[in-house]
Amino acid sequence: MADAALEALSIPRGSRRRSALRKAIGRKSTIAFLMTLPLILLIAFLVLYPAFYSIHLATLNKSMERFVGFSNFLFLFKRETFWMVVRQSCIFAITAVIFKALIGFILAHFVHNIPSRGQRKWRGMLLVPWVIPPAMSCLAWLWLFDPSYSAFNWILEKLSVGPVSWTGDAYWARFCVILVNVWIGAPFFMIMYLAALKSVPEQLYEAAAIDGANWWQRMRYVTLPMMRNIMAITALFSLIVTFANFDIVRILTAGGPTDRTHVFATWAFWIGIQGNDIPLGASVSLFMVPILTVAAVFILRDIHRRASDMS
Amino acid sequence: MTAASITTATTLGRRRRYGSITQDRRWALRWSYFFLTVFAIFFLMPPIYMLITSLKTSAEISAATNPWWVYHPTLSNYFELLGSGQYLTFFRNSALVSVIVVAVTMLISVPAAFALSRMRFWGSTALATGVFLTYLIPETLLFIPLFKMFALVNEYTGIQLINRWWVLLLLYPTLTVPFCTWIMIGYFASIPKELDEAALMDGANYRQILTRVFIPVALPGLIAATIFAFTVSWAQFLYPLAFTTSAEQLVLPVGIVTSLIKGDVFNWGQIMTGALIGAAPPLIIYAFLMDYYIAGLTAGATKG
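The listed protein sequences correspond, in order, to chains B and W. For the first sequence, the working numbering begins at 1 and goes up steadily by one. For the second sequence, the working numbering begins at 1001 and goes up steadily by one.
Chain B with its partners taken away, still in its complex shape (with noise of 0.2 Å):
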């Protein structure tokens, strides 16, 4: 269809016999609305129209034939699973991107630190775990905390300390999820923080050794400055991720041991899904909006800000 459309465009413009609808097509703006047309219609139908349809279907009832309001919400809210769920999420989210944060930079200083010739193999390698896909290394680390086989309880027991129920506890397989969410993130961070040195100008390093800056004000006046911008935007895209993620708890431990490593999205698919109750899971992963939306605010923001910088 945009193809004819640009063929339209191309008749020499002599030819007065062209129809309105024609002239309509030709138009340069028609031409960018049919270029843009696949796109939007996949947004609308694929994305925008099942976000809202979530919202009716969390008013339904179970066997979705009867309007129930906000009852889904209040059943939940005197679940104590749920109020396990939010703290979950919670704690999973802002802990592993504490710490997917704090690696990443360090990586990125050492990294940066090292001559450059060699900075290609370490960054290659240390990129691996973000390449690999989360469901493949997932199964490697359940693998690795094998109560019985484990490869970590083998190494525990070398050092004569007792064996670790490592995703039988519950603490244990909330510090095993997070540690495999922090060991697939930071090498994103590392990255992101790398390319965000490299662009700090030389110059501003000579100019601070020239005034006697020492190293922990050479990093609080001219690196966390330069680096502002990036460190927030990468947070804050990770901060939506692992919010929503599903993989790393699900092979991990399924929510178990007695739910209490779901998070909203295991715990939405296990009742909508599994559980086959539609409308409560759908009102489960809807309470993801607040914190997505709150993140997408600022990302939006600093978008805007860097536009009107620019121009």
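Just so you know, these hints were derived from the structure itself, not from any lab. Remember, predicted model here, so these are calculated numbers, not experimental data. Among these hints, one or two may not hold up.
In the DSSO-like style, the derived pairs of lysine-lysine whose C-alpha atoms are separated by at most 30 Å in a straight line are [what the hints assert, rightly or not]:
id : chain 1 : residue 1 : chain 2 : residue 2
1  : B       : Lys28     : W       : Lys1193
2  : B       : Lys198    : W       : Lys1193
3  : B       : Lys198    : B       : Lys121
Fit chain W to the known structure of chain B by using the hints.
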């Protein structure tokens, strides 16, 4: 006299400081290498352990020997897995879905990015922001309503969408298209306006500008977007888990998790082999196109 002493003092001081700087530098370098090694071990441990386990027999895996060492390496897990039709079906489904999704994504997002970055029309800036916001909506928010929607489609039209591998062709573009469009907008916007003005002067139409000027110039961005689309479709776990159930419709990640784990019996040798082969395509692409891969990663947040 005083001037002379001052100069000697400063040269002395400078010399000492120079010395300490190189000393500091050497120590900083040592510490850097030390910590990088520690983290590299931590980061590479799971994939290496996958490889170790995949070379073992079931008997050796359940024996009480050192799990970090292979005493009797064997490729039997690989032969068994690649000999079974089931695993090859998973692999074929994954490959088909990923390749088609990449093609669809590029066909949708490249023209759209061109239109949004160069041909301003009513609502184009709002649409560009909207595309970015869509990228921020996670799939975990959408899978339940989509599941219900597809069930309703089946009810009204009789088209069976759930439990068919090609339903993923509808679902994955929602993950890949917004991001690819967004980074292509960034790449296209960085092309100087003079270039397409010159092409217009030479009588090129918009299609020619896109295919002859923009795509060749923004090729690195295009490759980065392609890699992104491929890795996302290859790794996606939630949608296939929710939408496909029968063994011949599964893609790789779900296939390994659901079919190689039978009840409580974990055949770890085969699971690790399957996971390793499943992780291979993205790793191979990454090994050869690392710079494009990293460009795509950083473009998401730094461009725009």
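Hints, one by one, checked against the model:
1. Distance restraint check for lysine 28 of chain B and lysine 1193 of chain W: the Cα-Cα separation of roughly 17 Å lies within the 30 Å cut-off, and the hinted pair is therefore satisfied.
2. A threshold of 30 Å between alpha carbons decides the hint, and for lysine 198 of chain B with lysine 1193 of chain W the separation of about 28 Å falls inside it, so the pair holds.
3. Restraint check: the Cα-Cα separation between lysine 198 of chain B and lysine 121 of chain B comes to about 17 Å, which is no more than 30 Å; the hinted pair holds.
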